[in-house]
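Chemist: Using the hints provided, position chain B relative to the given structure of chain A.
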Amino acid sequence: MDTSDKQIEHLAKLSDFSLSEKDSKSLGKDLESIINYISQLDELDTKDVEPTYQVFEMENVWRDDEIIPQEATREELLALSKEQEDNQIKIPKVL
Amino acid sequence: MKIANKTVTATQLVKDALAKAKHFEDYNIFTFLNEEGALKKAAEIDKRIANGEKVGKLAGVPYALKDNFLSKEGNTTASSKILEPFKSPITATAVKKLEDEDAIMIGRTNMDSFAHGSSTENSYFGPTLNSADKARVAGGSSGGSAVAVALDIVEFATGTDTGGSIRQPASFNGIYGLKPTYGTISRYGVIAMASSTDCIGFFTKTPEDMDLLMSITAGQDKNDLTTLPDYYDKSEAKEVKKVGIIKDFDNDAVSPELSHALKIKVEKLKKQGYEIVELSMPSLKYALAVYYIIVPAEIASNLSRYDGIRYGFRSDNITDLESIYTSSRNEGFMDENKRRIMIGNFVLSSGFYDAYYLKAQKARTLIIKEYEEAFKKCDVILTPVSPNQAFKLGEKVNDPVSMYLEDVMSVPINLAGLPGLTIPAGTSEKGLPTGLQLIGPRRSDKTLINFAKELK
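As they're listed, the protein sequences go chains A and B.
Just so it is clear: in the first sequence, position 19 is 19 by my numbering, and no numbers are missing.
Just so it is clear: in the second sequence, position 330 is 330 by my numbering, and no numbers are missing.
Isolated chain A, as found in the complex (with noise of 0.2 Å):
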């Protein structure tokens, strides 16, 4: 794959990072190289071969639609973020 400037820049969009020049250019080469090992994958026959999203070997695993009591509190939560107000999490403003 050719890794243009381009495309990594819609990557890390994709990915939420702000990336700087620097880090996109040595990004990029590795991707690139990572990109280069993972498409020997099309040498492999795989026509009318089944995907496996997972392995776990059950389905439909129920529960009772129930309100089970959690170890963590509301307060010990909410203390995880770097700013509270109001017993909300505080961030700067959207509009």
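Wrong hints could be hidden among the right ones.
Pairwise CB distance ranges (calculated) [claimed, not checked]: (1) 394(B) with 22(A): 18 to 24 Å; (2) 84(B) with 75(A): 20 to 26 Å; (3) 394(B) with 53(A): 34 to 40 Å; (4) 94(A) with 369(B): 47 to 53 Å; (5) 88(A) with 394(B): 43 to 49 Å; (6) 426(B) with 88(A): 55 to 61 Å; (7) 22(A) with 44(B): 49 to 55 Å; (8) 426(B) with 78(A): 52 to 58 Å; (9) 72(A) with 263(B): 51 to 57 Å; (10) 43(B) with 10(A): 55 to 61 Å; (11) 66(A) with 301(B): 24 to 30 Å; (12) 5(A) with 230(B): 49 to 55 Å; (13) 267(B) with 71(A): 48 to 54 Å; (14) 301(B) with 78(A): 22 to 28 Å.
Chain B is nowhere near these chain A residues, computed Cβ spacing over 10 Å in every case [said to hold, decoys possible]: (15) 4; (16) 6; (17) 21; (18) 25; (19) 65; (20) 67; (21) 69; (22) 85; (23) 87.
These aren't lab readings, by the way, just hints derived from the structure by calculation.
Even glycine gets a Cβ: it sits at the ideal position worked out from N, Cα and C.
Modeler: Leaving out everything else, chain B in the frame of chain A:
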């Protein structure tokens, strides 16, 4: 492992473990030492023993916890900057089960950040050094846990194995390391890397200890709906008669030291009366490419939760909402985290999904079928864990593909959900430990552990 007699106290065991941890400080094994908590718990256990009260199966046994297991002692950082401030309000099920048997956690161990790596060099806190040679890597990603056991600081340590992260460092440090059958031990409270392959397991000095830890921690958990119904304690170890070796791994990529270790072990097995079966598994050479498509895809999804808002590190370079995400993630993740997230988003993105992600999931089916065929011909498979012994610090860390190639023999079983157990296989001429892995069908964990006892 239990304090069977009263000649040693839990307090003494914990003090010894902490003293050793400090003695070996230059190996950079721990991200947190639980001095106060461990001594307090030891005193409680000693009191209960003195009062003649019942204590657990692991009473007073010091252990080390990989830094991606959530517990209330210290910060659970996954050896990353983005989780450096994170103090967990909950305890992982596996940790709770160990603590209920009165094991004592003396410290959290260093790892590749978010378990992305094969050397523990990708840790935000710097690399852990190999127990046999300080110029070499510990292996990874559970490097700190492996070295803590190998240097005899603790009796056992926890690990996670997504593509070899228990088995390879166990091999690099000459100890036992088990990746159980997918779904055996609850992952509730363990930081997710790749959900379709992540497994929890242990490092021990003996297969007997491994058996005890499995018996304590395996089992269904209502908090992890991907746990299998309880099977470990109910299962019988099957008698091993036929041992498979994989012809396709017999190539130039395998170092002379590992080839030699395997050869010696195979000769010994033959003399002991085991039948050796040569297996041809041509799809395995694609397993690494499959792994480095599927796992990054799952990483990209699992690590999207680190947004700088609800918990963990938030950058100071914030101008608007968008920059909370982008700056916090940019500053909080290591390069290898970024590579994997970006590769994941690449293989999942429009225009590439069919060629990479879907193709890899189909190849995964072929790999699973090859193992199914193999286990019609043999009871267990014996292979090296990795192509090389512990390599030098800095040798591979700047070349991601050469680092990935270290995983070529460890990742296939993760894709198939099979159990794998690293067993020590002597020391090479370089003075470095070598290890080999035993692989079995799903739910054959007890057979592997039992066979390891026979091979001691």
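Chemist: Would you mind marking each hint as holding or not holding in the structure?
Modeler: Checked hints:
Checked against the hint of 18 to 24 Å, the C-beta distance between residue 394(B) and residue 22(A) comes to roughly 21 Å, which is consistent with it. Checking the proposed 20 to 26 Å range against residue 84(B) and residue 75(A) shows it holds: the Cβ atoms sit about 22 Å from each other. About 38 Å separates the C-beta atoms of residue 394(B) and residue 53(A), a value consistent with the hinted range of 34 to 40 Å. Judged by the Cβ atoms, the range 47 to 53 Å given for residue 94(A) and residue 369(B) holds: they are separated by roughly 51 Å.
Evaluation of the 43 to 49 Å hint for residue 88(A) and residue 394(B) yields a pass: the beta carbon distance comes to about 46 Å. Checked against the hint of 55 to 61 Å, the pair residue 426(B) and residue 88(A) passes, with Cβ atoms roughly 60 Å apart. Evaluation of the 49 to 55 Å hint for residue 22(A) and residue 44(B) yields a pass: the beta carbon distance comes to about 53 Å. At roughly 54 Å, the beta-carbon separation of residue 426(B) and residue 78(A) lies within the given 52 to 58 Å, and the hint holds.
Between residue 72(A) and residue 263(B) the Cβ separation comes to about 53 Å, which falls inside the hinted range of 51 to 57 Å. Separation of residue 43(B) from residue 10(A) is about 58 Å and conforms to the stated range, judged on CB atoms against 55 to 61 Å. Range check, residue 66(A) to residue 301(B): Cβ separation about 28 Å, and the 24 to 30 Å hint holds. Separated by about 53 Å at the C-beta atoms, residue 5(A) and residue 230(B) satisfy the suggested range of 49 to 55 Å.
A C-beta distance of roughly 53 Å is found between residue 267(B) and residue 71(A), which places it inside the suggested range of 48 to 54 Å. The given range of 22 to 28 Å is respected by residue 301(B) and residue 78(A), whose C-beta atoms sit roughly 25 Å from each other. The Cβ of residue 4(A) lies farther than 10 Å from every Cβ of chain B, with a closest approach of about 13 Å, so its non-interface assignment holds. Chain B leaves residue 6(A) outside its interface by the beta-carbon criterion, the shortest separation being 13 Å against a cut-off of 10 Å.
Non-interface status of residue 21(A) relative to chain B is upheld: no Cβ of that chain comes within 10 Å, the nearest being about 13 Å off. The beta carbon of residue 25(A) is kept farther than 10 Å from every beta carbon of chain B, the shortest such distance being approximately 12 Å. Even its closest Cβ contact with chain B, about 14 Å, leaves residue 65(A) beyond 10 Å, as expected for a residue assigned away from the interface. Every C-beta of chain B lies more than 10 Å from that of residue 67(A), the closest at about 14 Å, which supports listing it as non-interface.
The Cβ of residue 69(A) lies farther than 10 Å from every Cβ of chain B, with a closest approach of about 12 Å, so its non-interface assignment holds. Look at residue 85(A): its CB is around 14 Å from the nearest CB on chain B, clear of 10 Å, so calling it non-interface holds up. Taking the minimum C-beta to C-beta distance to chain B, about 14 Å, the non-interface status of residue 87(A) holds against the 10 Å cut.
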